[in-house]
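J.: So the protein lines, in turn, are chains A and B. Here the first sequence stands for residues 42 to 317, where the numbers follow the working numbering. Here the second sequence stands for residues 1083 to 1162, where the numbers follow the working numbering.
None of these hints come from the bench; they were simulated from the model. You may find that some hints are simply not true.
[Claimed, not checked] Here are the simulated DMTMM-like pairs of lysine to aspartate or glutamate, each with C-alpha atoms no more than 25 Å apart in a straight line: (1) A:K86 with B:E1096; (2) A:K143 with A:E96; (3) B:K1138 with B:D1113; (4) B:K1138 with B:E1157; (5) A:K143 with B:E1151; (6) A:K143 with B:D1095; (7) B:K1138 with A:E267; (8) A:K143 with B:E1102; (9) A:K143 with B:E1096; (10) A:K143 with B:E1129; (11) B:K1155 with A:E172; (12) A:K86 with B:D1095.
Quick caveat, the model's predicted, so the values are computed rather than measured.
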Amino acid sequence: MTKHGLVIDQERCIGCQACAVSCKQENNVPMGQFWNRVLTEGGEKMDTPSGGYPEDGGSGSLDMQYQPTACQHCENAPCVKVCPVNATYTRDDGIVEIDYDKCIGCRYCMAACPYNARVFNWDEPEHMPEEGTGDVEARPQGVVEKCTFCSHRVDEGLDPACVVNCPADARIFGDLDDESSTVSKYIDKYETDQLLEDRGTDPNTYYISGEMSPGRPQTSDKMESELDDVSPWSDGDDDVPSEEADSVGGESSGSSHSVEGGEIPYATPAKSGGDD
Amino acid sequence: MSDPQQPRLTPIDEWEDEAEAMLDDVEYDTDLGVQMARDAIRVSNGELTDAEFHEKYHEAVLDEFGEDERPTKPEGFEDD
């Protein structure tokens, strides 16, 4: 079986909102709505830290972290359990999706989602430009909508838009049931958290914090499973020339990667042009 | 309704307030929605089984929606 999951490296996230914007564009998300958000953990407002600057030689207490948040595609999704018309359902590959033709707009799923990942179309959705954007049909007024892991792309063997467009390579998408996938390797190697673990929802979205991972440099729009070799853990012939890897993965991030054996992901120049 | 700038990963007490606000002017039963949401989390936690959850709310869901297509329906469960 395939179980799609997402790893987000919060140490790599730079809060640029590219994921939020590309999600909105790709999925034709109406004006005023976001499926994908980058929250700020720290001060009360976006991009503001808590604490203060060092004073009088003190250490200071400034603290801020970005918290990208969207549908967590929970294994035990409470939103699915409360839907009286079975409009919200879990696909065989673990993606939680909404059948907009069935949705009656009762919003019980919104109340049941502890991540506030769902939005409701209170009014007739407006798009800019009017004809909409991306590759997904607009949803009507009166239904709930949310992140789909870009299932329309996944079904074509493509990574979600937020993953492809993350300039920090902080988002890694793949098959959690495949032990050799980068998501599985990273969950195994790095300290990861799921949001609100005490709820028991068992999200298929994991967050790396503490030690920065090498991320997953995008070499194309394709999902990892569709590529011959992309994993930094691969033993394949296309493994990384160390000098190139150093220049790409090490210096650009300003981080201290710690992949065993000096393996750093190979990043070929990203393909130019559109995404599908 | 939702403010994309603000975190919503709220403690459970505050969540109930938010859930009620979400359902405040819904044309369906607000109390039922909040109760089901609370118990759906209990199902996720393992405090309640799918079958118990389904049976607990089956009548109310039927009354409110005229159907109950939740995936929690246990095998052999007979609809009224």
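J.: Which numbered conditions among the earlier hints are violated in the structure presented, ordered from lowest to highest?
T.: 2, 6, 7, 9, 10 and 11
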